[in-house]
Amino acid sequence: MSKNILVTGCSRGVGLEICRVLLREGYNVYGIARSYTDEFKVLEQEYIGHLFFKSIDLADSGGVRKSVFKEFVTNDILLDGYVNNAAVAYDDIVTNLNIDRLKAMYEVNVFTPMVITKYAIRNMLLHKTRGSIVHISSISVHTGYKGLAMYASSKGAIEAFSKDTAREWGQLGIRSNVVVPGFMATAMSASLTEEQRAKIYARTSLKAATNVGSVAETVAFLLSDKACSITGQNVYVDNGTI
Amino acid sequence: MEKLQLIINSIRKGKNLPELEDITPEMNLRSDLEFTSFDLAELTVKIEDEFDVDIFEDGLVNTIGEIIVKLGK
Numbered sequence: 001m002s003k004n005i006l007v008t009g010c011s012r013g014v015g016l017e018i019c020r021v022l023l024r025e026g027y028n029v030y031g032i033a034r035s036y037t038d039e040f041k042v043l044e045q046e047y048i049g050h051l052f053f054k055s056i057d058l059a060d061s062g063g064v065r066k067s068v069f070k071e072f073v074t075n076d077i078l079l080d081g082y083v084n085n086a087a088v089a090y091d092d093i094v095t096n097l098n099i100d101r102l103k104a105m106y107e108v109n110v111f112t113p114m115v116i117t118k119y120a121i122r123n124m125l126l127h128k129t130r131g132s133i134v135h136i137s138s139i140s141v142h143t144g145y146k147g148l149a150m151y152a153s154s155k156g157a158i159e160a161f162s163k164d165t166a167r168e169w170g171q172l173g174i175r176s177n178v179v180v181p182g183f184m185a186t187a188m189s190a191s192l193t194e195e196q197r198a199k200i201y202a203r204t205s206l207k208a209a210t211n212v213g214s215v216a217e218t219v220a221f222l223l224s225d226k227a228c229s230i231t232g233q234n235v236y237v238d239n240g241t242i
Numbered sequence: 243m244e245k246l247q248l249i250i251n252s253i254r255k256g257k258n259l260p261e262l263e264d265i266t267p268e269m270n271l272r273s274d275l276e277f278t279s280f281d282l283a284e285l286t287v288k289i290e291d292e293f294d295v296d297i298f299e300d301g302l303v304n305t306i307g308e309i310i311v312k313l314g315k
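Keeping their order, the protein sequence lines are chains X and H. Here my numbering is used: the first residue of the first sequence is 1, the next is one more, and so on. Here my numbering is used: the first residue of the second sequence is 243, the next is one more, and so on.
Derived by calculation from the structure, the hints in this document are not laboratory data. Predicted model, so just to flag it, every value in this text is computed and none were measured. Each hint should be verified, as a subset may be incorrect.
List time: in silico EDC-like cross-link candidates among lysine to aspartate or glutamate, alpha-carbon distance up to 16 angstroms [unchecked claim]:
{"#": "1", "chain 1": "X", "residue 1": "70", "chain 2": "H", "residue 2": "291"}
{"#": "2", "chain 1": "H", "residue 1": "257", "chain 2": "H", "residue 2": "268"}
{"#": "3", "chain 1": "H", "residue 1": "312", "chain 2": "H", "residue 2": "292"}
{"#": "4", "chain 1": "X", "residue 1": "128", "chain 2": "X", "residue 2": "164"}
{"#": "5", "chain 1": "X", "residue 1": "70", "chain 2": "H", "residue 2": "290"}
{"#": "6", "chain 1": "H", "residue 1": "245", "chain 2": "H", "residue 2": "276"}
{"#": "7", "chain 1": "X", "residue 1": "70", "chain 2": "H", "residue 2": "274"}
{"#": "8", "chain 1": "X", "residue 1": "118", "chain 2": "H", "residue 2": "291"}
{"#": "9", "chain 1": "H", "residue 1": "257", "chain 2": "H", "residue 2": "244"}
{"#": "10", "chain 1": "X", "residue 1": "118", "chain 2": "X", "residue 2": "164"}
{"#": "11", "chain 1": "X", "residue 1": "70", "chain 2": "H", "residue 2": "276"}
{"#": "12", "chain 1": "X", "residue 1": "118", "chain 2": "H", "residue 2": "274"}
{"#": "13", "chain 1": "X", "residue 1": "128", "chain 2": "H", "residue 2": "274"}
{"#": "14", "chain 1": "X", "residue 1": "70", "chain 2": "H", "residue 2": "292"}
One side of the interface only, derived from the structure: several residues of chain X facing chain H at Cβ under 10 angstroms [claimed, not checked]:
{"#": "15", "residue": "75"}
{"#": "16", "residue": "125"}
{"#": "17", "residue": "200"}
{"#": "18", "residue": "203"}
Quick list of the computed label-pair ranges, beta carbon to beta carbon [to be verified]:
{"#": "19", "chain 1": "X", "residue 1": "242", "chain 2": "H", "residue 2": "259", "range": "50 to 58 angstroms"}
{"#": "20", "chain 1": "H", "residue 1": "266", "chain 2": "X", "residue 2": "77", "range": "33 to 41 angstroms"}
{"#": "21", "chain 1": "H", "residue 1": "308", "chain 2": "X", "residue 2": "74", "range": "34 to 42 angstroms"}
{"#": "22", "chain 1": "H", "residue 1": "300", "chain 2": "X", "residue 2": "77", "range": "52 to 60 angstroms"}
{"#": "23", "chain 1": "X", "residue 1": "74", "chain 2": "H", "residue 2": "260", "range": "30 to 38 angstroms"}
Even glycine gets a Cβ: it sits at the ideal position worked out from N, Cα and C.
Kindly generate the complete structure, drawing on both the sequences and the hints.
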């Protein structure tokens, strides 16, 4: 029987690539995103009966119990994994910090993933599943960049949450890990100028943008039984960022 | 009450503890049923699955009687 994985932010970029890799490996994927993109629909056509979609606003942390776990990934579905990929970026220098924008980012990047983790673990508990949780973080947590202090802080919170989730639920076989990608050429970094990109890539050993496929393959590995002894870790997929 | 007893006994069985023939409202979940925080988490998800009520949503629950109140029975 195919394993079931919940992926947030599935409609484009890394999330879409994660879905593609998981489907190729035989998983069923339950995707959540705000927008139902044409790229996602193409993948859906290719994997009819294995890829499912629900449009959900992940800024509503209080609503996900109902919208995700009562109406989409119900207790009848045995959940094997959760990939926390959806995120929004709020870029600005610290002296311009706007508290409403900061709180809105934390809803999507921190509070909603925590609530989804709560119910994902509950599903795993109900079915006694040795599930795997993978959070997507950012290299900005570990290497400072101008303008990313607020965004990086939200990802740092998720890294800490993952580490302690791993410790708390390890005895029941539930694992939690983080993939830390370097800068990728996705919509999230689309606002950067060529010069800014060149500077960022110059700070990596491989002198290039991080490969989205490599990030997705690492997520698939951490979800799989091949990674059964890996938990509480951050796995860097960042072209060797200095 | 009967369904609750079945759930409690399913968890006790998983811990190799004898099943209970009766449950009473004054029974303490930790000291009388010998439930750990992980057992209580399992109890919560099984009750939620059966009754659609999250007994730990707004604070700790200590006795079977308190669960029955939350289930509105």
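(message) With the threshold set at 16 angstroms, check whether the alpha-carbon distance from residue 257(H) to residue 268(H) stays at or below it.
(response) violated (22 angstroms)
Does the Cβ-Cβ separation between residue 300(H) and residue 77(X) fall within 52 to 60 angstroms? violated (27 angstroms)
Does the structure keep residue 118(X) and residue 274(H) at a Cα separation of 16 angstroms or less? Distance of about 27 angstroms is beyond 16 angstroms: violated.
Honestly, do residue 74(X) and residue 260(H) meet the 30 to 38 angstroms range at C-beta?
Distance hint for residue 74(X), residue 260(H) holds at roughly 33 angstroms.
Given a cut of 10 angstroms on the nearest C-beta pair, is the interface hint for residue 200(X) held or broken against chain H? violated (43 angstroms)
Are residue 312(H) and residue 292(H) close enough, with their CA atoms no more than 16 angstroms apart? holds (13 angstroms)
#### Entry: Pair hint residue 257(H) and residue 244(H), alpha-carbon separation not exceeding 16 angstroms
violated (20 angstroms)
Query - Interface hint compliance - residue 75(X) to chain H, C-beta minimum distance less than 10 angstroms - result: holds (5 angstroms)
What's the verdict on residue 118(X) and residue 291(H), does the C-alpha distance respect the 16 angstroms limit or exceed it? holds (15 angstroms)
Do the alpha carbons of residue 118(X) and residue 164(X) lie within 16 angstroms of each other, as the hint requires?
-> The given pair, whose Cα atoms are some 13 angstroms apart, holds under the 16 angstroms limit.
16 angstroms limit on alpha-carbon distance, applied to hinted pair residue 128(X) and residue 164(X): Violated, at roughly 20 angstroms.
query = Going straight from one Cα to the other, do residue 128(X) and residue 274(H) come out at no more than 16 angstroms?
reply = violated (24 angstroms)
Violated hints for the displayed structure, listed by number in ascending order: 2, 4, 6, 7, 9, 11, 12, 13, 17, 18, 21, 22.
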